[in-house]
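The chain contents come next:
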Amino acid sequence: MLKKVMQGIIVLCILSLSFTTFAAPDTIGTYDQGTTTGLIVVSNPPSVPYSTTYEKNYILSGWGQEGVNICLYLYSPAENVYKKLIINGNSVEWQIGASGLFMQPVTLSKGENKIAIRAEDGYGNSQVIQMDINLLSQSLLDKLLRAF
Amino acid sequence: MKKEKFKTLILILFIISSLFLTKEIWFSEELWSQDYNFFSKWQNTKWVQAVAKVLPWSAEDDENDLEFIQKLSYPQKIVVNCGQFRTVYYYGNKQTQQSYEEIFNKFKGIFVKLLDDQDPRRQSVSGTDEWFNALKGRSFYVDFGIGYNTKVLSEIFGVKETALASQVGSIRQIILLPMDTVSNDVTFLVKNYKDNSITKFYVNYPDKSVLNDLLEQFASESTPQYAYAFKQSFDKRPGIIQAITLNPEILMPLSIFEGIPVKSHSPLSAGDISSEEKKILKAFGYNPNTSRNYTDNTDYTRVFVDNYSKLKIHHNGLIEYDAIEEGKGLRLPDSSVEENRALPTIQPTDDDDRVLTFNETLQRVVFLIKKVWEIDPNLHISSPVLEGQNSSGEYTFTFDYYINGMPVLMRLPDNSVKHAVEVKVVNGTLMSFKEVIREYTNKENNGSKESALPIQALDNICKQLNQQEIKVEDIFMSYEESGNEAILNPRWSIRKEGDSEAYTDSLAKR
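One line per chain: the protein sequences are P and W, in this order.
One gets my numbering by counting positions in the first sequence from 1 and adding 87 to each.
One gets my numbering by counting positions in the second sequence from 1 and adding 5 to each.
Note that these hints are calculated values from the structure, not bench results.
This one's a predicted model, so the numbers in the text were calculated from it and none came from an experiment.
Built from N, CA and C at the ideal position, the CB exists for glycine as well.
Any given hint could be a false lead.
Covered stretches of chain P, going by a simulated chain W footprint (3 or more residues, C-beta under 8 Å) [claimed, not checked]:
(1) 124 to 135
(2) 183 to 195
To give an idea of the chain P side of the interface with chain W (calculated C-beta under 10 Å), a few residues [claimed, not checked]:
(3) Asp113
(4) Tyr118
(5) Thr139
(6) Lys143
(7) Ile146
(8) Gly149
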């Protein structure tokens with residue numbers, strides 16, 4: 088009887104372990120780089136970690152291996168961690184398809200926007216790319232365009 | 006006396022009736038042998054044609070034909086770029102047709118100035134940075150969808166000789182930039198279709214405020230948001246994994262696209278189509294009363310045969326004409342010949358040796374399409390127009406339907422046609438003709454159908470194709486025509502580089 092109970096507990100532990108392996112964590116640390124590189128490449132913003140833009144409606148894009156799960160995080164200065172980005176009550180997560188391309192629109196706030204992209208494959212390998220996108224004001228852009 | 010008067014009256018009525026019936030036989034039913042036609046010969050003499058051209062209704066027909074040919078060559082897509090905002094206008098989209106025409110008419114007016122300029126100011130552009138910067142800034146991007154020989158395009162726009170043709174041999178894409186407020190010039194960036202080199206041209210246009218107003222007005226209509234593939238670097242090959250690259254100018258909407266389902270119907274599918282059949286026969290020079298014919302028992306296709314060709318009329322709307330050999334088919338008349346007239350296969354003409362130009366051939370083809378069936382305003386030319394004058398006068402034209410701004414891809418069961426209209430002409434003589442006659446109406450209650458995001462559709466198509474390397478030339482919404490009476494839902498399709506075939510997302514929800 089005890090043997091059967093122990094077997095059941097071990098099975099439950101293994102199952103719960105696999106669930107925690109595939110679900111993206113709710114927070115990631117500022118020093119977290121993941122366990123590997125090469126799962127994804129971010130093409131926009133073109134320079135990582137620092138870039139500037141005038142576009143409030145920004146598109147994060149890139150390419151990666153088919154089947155890789157991606158989750159977006161936003162830096163929380165109060166807690167000094169990156170927390171899952173929640174839009175309309177849902178976290179922003181998706182899986183890369185056969186084309187290997189991904190595109191995700193985000194709305195930036197004025198000034199500094201610290202974002203992290205976490206990628207994870209089916210074997211538990213993860214990659215974290217942190218980026219700092221500075222949104223400049225549209226009026227500055229308009230002035231520059233008029234000048235030229 | 007009364008009896009005599011009555012007899013005279015009856016006699017007069019008989020004479021009138023016989024004159025009327027003779028007129029019907031000769032001019033309406035045109036019951037004469039195909040090989041000799043006195044009236045056709047008479048019509049084709051130069052002095053009769055010259056008189057016919059002067060007649061007011063004849064001029065109006067010519068103008069309508071020319072206007073239609075111009076419309077056939079309208080750009081497939083116009084993008085109004087205003088920084089991060091942009092709006093895309095597609096040919097054939099009735100909802101945005103007014104805006105499309107307003108923008109294109111303005112563009113055309115300035116482009117004609119460039120075509121007219123005998124010595125346009127120009128500058129070569131190295132690389133593609135300036136081109137992409139123009140797309141990111143304030144500009145009008147015009148994509149004709151197919152490559153055009155510059156001289157032919159110029160003629161379609163009404164300019165017979167253009168210096169532009171010697172500098173840029175063929176064109177598909179043009180960007181118009183209003184530029185700064187200091188000079189009176191606007192700039193055209195013209196991409197050479199054959200080698201992708203870019204040349205910048207300057208045109209004097211003091212009234213630039215009109216262009217800037219258009220930019221502000223039309224780019225602000227941008228929903229959903231679009232992204233150019235080059236901005237996301239999807240045109241580059243990454244070092245890892247993947248070998249899917251996109252044409253840098255592909256524009257992808259970033260939210261779900263809502264397309265309108267359409268009902269597809271063949272007007273030749275049911276009921277008595279004898280009058281339609283007669284009209285089609287006459288268009289191809291067949292005598293409806295004397296031509297040999299039979300009905301194929303497998304699919305009830307009507308088949309007509311004469312000494313030089315075969316004509317098939319299918320119930321799904323497909324009309325097929327094939328000449329038995331080159332030079333023996335129908336001699337295409339120009340539009341000076343009366344519309345309802347039947348034509349003999351071989352028409353006498355004084356200019357048999359002259360090779361017809363592309364434009365002349367296109368006009369005759371359009372005239373033939375009009376005779377076969379009422380020209381659908383949704384038709385658009387889809388074959389590249391790269392040869393201005395072909396030495397043998399051999400041209401192949403294809404046309405496709407554009408409904409709600411989306412092309413209709415032909416997917417008939419036997420793959421016999423790839424386009425709505427396919428015509429092969431050899432120096433004014435018809436070699437083969439295929440047309441799929443269909444009518445499209447937006448589905449009742451105008452219920453729209455949500456489609457996947459283009460990235461999701463691209464994922465599905467890549468899975469279907471199961472290929473390692475794919476260079477995507479274009480991603481677009483489309484309808485698929487199977488030839489049945491059906492509701493067509495809009496679906497994403499792609500074209501690969503160097504492949505004229507379109508691949509559609511068949512895994513999308515129906």
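Do the hints match the structure? See the list:
no. : hint       : verdict
1   : 124 to 135 : holds (count 5)
2   : 183 to 195 : holds (count 8)
3   : Asp113     : violated, 26 Å
4   : Tyr118     : violated, 24 Å
5   : Thr139     : violated, 14 Å
6   : Lys143     : holds, 8 Å
7   : Ile146     : holds, 5 Å
8   : Gly149     : holds, 8 Å
Checked against the numbered hints listed earlier, the structure breaks hints 3, 4, 5; every other hint is satisfied.
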